[in-house]
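Student: Listed here are the chains, written in short residue letters.
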Amino acid sequence: MTIHIVEDDPGVSDALALLLASVGHETATYPDAESFFEETPPGERDTVIVDLGLPGLTGIQLIRWVKGLKNQPKVIAISGQSSRAIDSLLDGDTPDVLLRKPLQEEALLQHL
Amino acid sequence: MREDYSESLSTDASVSKARLHSVLDTAVDGIVVMDDRARIILYNKACERLFGYSAEEVRGRNVKILMPEDYAERHDGYVRHYLDTGERRIIGIGREVRARHRDGTEFPIELSVGEAHTPEGRQFIGIMRDIRARKAVERRLAQAQAQLVNMTRINALDEMGAAIAHELNQPLTAIMLYLQAIKRKAAGIAGLDDTFASVIDKTVKEAERASQIIQRMRQFVEKRDPERKPVDVPQLLKECLELVSLGDISQEIQLSLDVEDGLPMLHADPVQIQQVVVNLMRNAMEAVKCAPFRAVKVSASKTDTHLVIAVRDSGPGVPPELVPGLFKPFSGSKRRGLGLGLAISKSLAQNHGGDLVVEPGGSEGGAVFQLKLPLLSTGEAPPAERADTN
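Protein chains in written order, with my numbering: chain A, 1 to 112; chain B, 1001 to 1390.
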């Protein structure tokens, strides 16, 4: 099982990958939704961590696509934006888990 | 042709006098003629309405009775000064002065003064326009504008707070995750100096403290809700148009308003909505400044669920590369300001449960910004605060 990290902020992306690797997870990082789509789709046992405020295709577009897969991975959305902005971004859709930045280790790890 | 005129160009004294009186009494402005000792010779109908004295009452009296005391005291001196020196202070210039009604009320007038040399000596003609109504409009617009500036400041602060919170969250998130990763690594190393682990712990605590400050800041700026009341949209848009045209008289931009009939009242914060519309209009006017045809059109219409206010300009449209960042704070292409205008506008729209969207336009025409506000929002609160999962 792989944890796919789709996050445009290189610092957050790298730190997340490093932390998850240190607890024994296999990770793959993508700077945007487009590059995520270029790779093999994730499997049922994978997890996708996606930032809602991605440039280009948005995090919510990625979540909708993932939710349309036959074998759905778990989706964790992360965002540093205000709750109103998040509501408007989500527009009624709901990811499996929504975490707000700054991320806490325990909050994240309990969902993996 | 000439003969026809010559008859009416009679110089006969009685004809010319009758004509003069009819001219005087038709005039909307107050007209007073005084002699060189400031005595009133002529006083028209408009003056009677303006000052409350009849012509009979004032004829022969000093013109001072039409002035507030402080002017009246100095008036004789002014007249004498002019007669002695020929130095013009008001004649042929005209200015805003205060006048006094019979009942003592003072009011602003625009006064222009002319001079005539007659066989009976020098006479002075004063033409007075009541500018109370104009003053009231000016005052109301100034108040509205001051209110808008104030609102803009408050919202800029809110938006800046939210933007800073968001921007700082990224590196802070990275720092905390890095620290947590290194802490795990360190825990696996046998015989490592204790200070190593404790320093990491302390650093994590400090980073958490910073993150709490950001969360408090975020809660603070997110709490402000719109002060909703019933809003008459056509009236509000008319005021917006007045406000922006007040600042840009010389630019020759064709501003127009097109409001669908029978729009329902909107339940919204009028100041915030006005701020958004004014901001969009100013942007639009900026966008058409260099265009061959300069027009900004504001329209209002309704769908089943929303009231839509659209601001359309005849400019070159929004360049495609700017579209993605258009509503993000600090991303503006303007040299002045923080580029917060559209970000604030969008968040104000969202606070109302609505949205602000753009059709960038381009080769076909200018950009169209649409402010969409929900119609059935009586008593409806903005989306509930999401409980933080972290």
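No wet-lab data here; the hints were simulated from the structure. Even for Gly, the Cβ is constructed at its ideal location relative to N, Cα and C. Treat the hints with care, as some may be off.
To be verified - Some residues of chain B that are not near chain A, with every Cβ distance over 10 Å (derived): (1) Asp1012; (2) Thr1173; (3) Ala1174; (4) Arg1184; (5) Lys1185; (6) Ala1207; (7) Lys1229; (8) Asp1355.
To be verified - What follows is a set of in silico ranges between Cβ atoms, one per label pair, in the way DEER data are often shown: (9) Leu1257(B) / Glu106(A): 55 to 61 Å; (10) Glu106(A) / Pro1360(B): 52 to 58 Å; (11) Lys67(A) / Leu1257(B): 30 to 36 Å; (12) Lys67(A) / Ile1189(B): 52 to 58 Å.
Stated by the list, open to error - To give an idea of the chain B side of the interface with chain A (calculated C-beta under 8 Å), a few residues: (13) Ala1197; (14) Ser1211; (15) Gln1350.
Student: If a hint holds in the structure, say so; if it does not, say that too.
Tutor: Right, here's what the structure says about each hint:
Distance check on Asp1012(B): its Cβ is at least 81 Å (rounded) from any Cβ of chain A, clearing the 10 Å threshold; non-interface status holds. Separation of Thr1173(B) from chain A is inadequate, the least Cβ-Cβ distance of about 4 Å not exceeding the 10 Å criterion. Against the 10 Å criterion, Ala1174(B) falls within the reach of chain A, whose nearest CB is about 3 Å from its own CB. A beta-carbon of chain A is positioned within 10 Å of the beta-carbon of Arg1184(B); the least distance is around 5 Å.
With a least beta-carbon separation of about 6 Å from chain A, Lys1185(B) fails to lie farther than 10 Å from that chain, contradicting its non-interface assignment. A beta-carbon of chain A is positioned within 10 Å of the beta-carbon of Ala1207(B); the least distance is around 8 Å. Residue placement check: Lys1229(B) keeps its beta carbon more than 10 Å from all beta carbons of chain A (closest about 21 Å). Not every CB of chain A is more than 10 Å from the CB of Asp1355(B) (nearest about 7 Å), against its label as outside the interface.
A beta carbon spacing of about 56 Å between Leu1257(B) and Glu106(A) agrees with the range 55 to 61 Å that was offered as a hint. Restraint check, Glu106(A) to Pro1360(B): a C-beta distance of roughly 44 Å breaks the suggested window 52 to 58 Å. At about 44 Å, the beta-carbon gap between Lys67(A) and Leu1257(B) misses the expected band of 30 to 36 Å. The given range of 52 to 58 Å is broken by Lys67(A) and Ile1189(B), whose C-beta atoms sit roughly 42 Å from each other.
Against a cut-off of 8 Å between C-beta atoms, the interface hint on Ala1197(B) is violated, since the closest Cβ of chain A lies about 15 Å away. At its closest, the beta carbon of Ser1211(B) sits 4 Å from a beta carbon of chain A; the interface hint therefore holds under the 8 Å criterion. Interface hint status for Gln1350(B): upheld, as the beta-carbon distance to the closest one in chain A is roughly 5 Å, under 8 Å.
In summary, the structure is inconsistent with hints 2, 3, 4, 5, 6, 8, 10, 11, 12 and 13 from the numbered list given earlier, while agreeing with the others.
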